[in-house]
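Participant: One letter stands for each residue in the lines below.
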Amino acid sequence: SAVISQKPSRDICQRGTSLTIQCQVDSQVTMMFWYRQQPGQSLTLIATANQGSEATYESGFVIDKFPISRPNLTFSTLTVSNMSPEDSSIYLCSGGQNRRETQYFGPGTRLLVL
Amino acid sequence: QKEVEQDPGPLSVPEGAIVSLNCTYSNSAFQYFMWYRQYSRKGPELLMYTYSSGNKEDGRFTAQVDKSSKYISLFIRDSQPSDSATYLCAMILMNRDDKIIFGKGTRLHILP
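Line by line, the protein sequences are chains A and B. With my numbering, letter number 76 in the first sequence gets 76, and the count goes up by one each step, no holes. Residues are numbered in my numbering as their position in the second sequence, beginning at 1, plus a constant of 1000.
Calculated directly from the structure, the hints in this document are not laboratory data. Computed from a prediction, not measured in an experiment: that's the story for all the values here. Some hints here could point you the wrong way.
Stated by the list, open to error - Keeping only pairs whose Cα atoms sit at most 30 Å apart, straight-line, the calculated DSSO-like set for lysine-lysine is:
#	chain 1	residue 1	chain 2	residue 2
1	B	Lys-1042	B	Lys-1002
2	B	Lys-1002	B	Lys-1056
3	A	Lys-65	B	Lys-1099
4	B	Lys-1070	B	Lys-1056
5	B	Lys-1070	B	Lys-1099
6	B	Lys-1067	B	Lys-1002
7	B	Lys-1002	A	Lys-65
8	A	Lys-65	B	Lys-1042
9	A	Lys-7	A	Lys-65
10	A	Lys-7	B	Lys-1070
11	B	Lys-1056	B	Lys-1042
12	B	Lys-1067	B	Lys-1099
13	B	Lys-1099	B	Lys-1042
14	B	Lys-1002	B	Lys-1099
15	B	Lys-1056	A	Lys-7
Build the full structure now, drawing on both the sequences and the hints.
Facilitator: Printed below as a string of structure tokens:
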């Protein structure tokens, strides 16, 4: 199993600013992912964080808005750029050895944009 | 039609009752099926994982998959207040992306 932590756990931000969320795994994982969970909505995959290369983004998400870094097999960051109230959500990272195996989730970062 | 449909609830049942949670899906390419449990202010945790039709049991939990009807269920026996959480079904498309699609989750309240 893997234990995943996220920082910050929550934040309140002003419109137009950016926030970087950190995700730390206690063991090496091949794959790391970033999700968004909005009230009443299903978990939506934002992107797959690839170690040493550019992240792979899902339809509707772009690098300029959600830049992602993954410098090694245990750490990743997601930045929410130029925030608007519509970005208010819970952002979750997850990790696993491949998509078909168990993914372990972090506790999430609750973001409120005013 | 959404790929995965799940009634958001909330579902309230008395302690000790059998709980039935369900999801339907539209794409027959889904081959791996999972149930996650998510407590308030926590990330989802995997409860059950199966890829074949039929039942899979783990303690008080039973996952059921009916691929012909594109229908999956999670049964919780002898429900406890600690089972109160949101339950998300999830399934994986069998293609090169192996993308996981989640249901919206069903909020479950077990009444003491």
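Participant: Against this structure, judge whether each hint is valid.
Facilitator: Quick rundown of the hints versus the structure:
1. Lys-1042/B to Lys-1002/B: holds, 26 Å
2. Lys-1002/B to Lys-1056/B: Given that 30 Å is the threshold and the Cα spacing comes to 26 Å, the pair holds.
3. Lys-65/A to Lys-1099/B: holds, 22 Å
4. Lys-1070/B to Lys-1056/B: holds, 17 Å
5. Lys-1070/B to Lys-1099/B: This hinted pair holds, its Cα atoms lying about 18 Å apart.
6. Lys-1067/B to Lys-1002/B: Between Lys-1067/B and Lys-1002/B the Cα gap is close to 17 Å, so the pair holds against 30 Å.
7. Lys-1002/B to Lys-65/A: Distance ~26 Å between Lys-1002/B and Lys-65/A Cα, so the pair holds.
8. Lys-65/A to Lys-1042/B: holds, 25 Å
9. Lys-7/A to Lys-65/A: Given that 30 Å is the threshold and the Cα spacing comes to 19 Å, the pair holds.
10. Lys-7/A to Lys-1070/B: Status violated; Cα separation ~38 Å.
11. Lys-1056/B to Lys-1042/B: holds, 26 Å
12. Lys-1067/B to Lys-1099/B: holds, 18 Å
13. Lys-1099/B to Lys-1042/B: Since the Cα atoms of Lys-1099/B and Lys-1042/B sit roughly 22 Å apart, the hinted pair holds (cutoff 30 Å).
14. Lys-1002/B to Lys-1099/B: With a Cα-Cα distance of about 15 Å, the restraint between Lys-1002/B and Lys-1099/B holds, given a limit of 30 Å.
15. Lys-1056/B to Lys-7/A: violated, 36 Å
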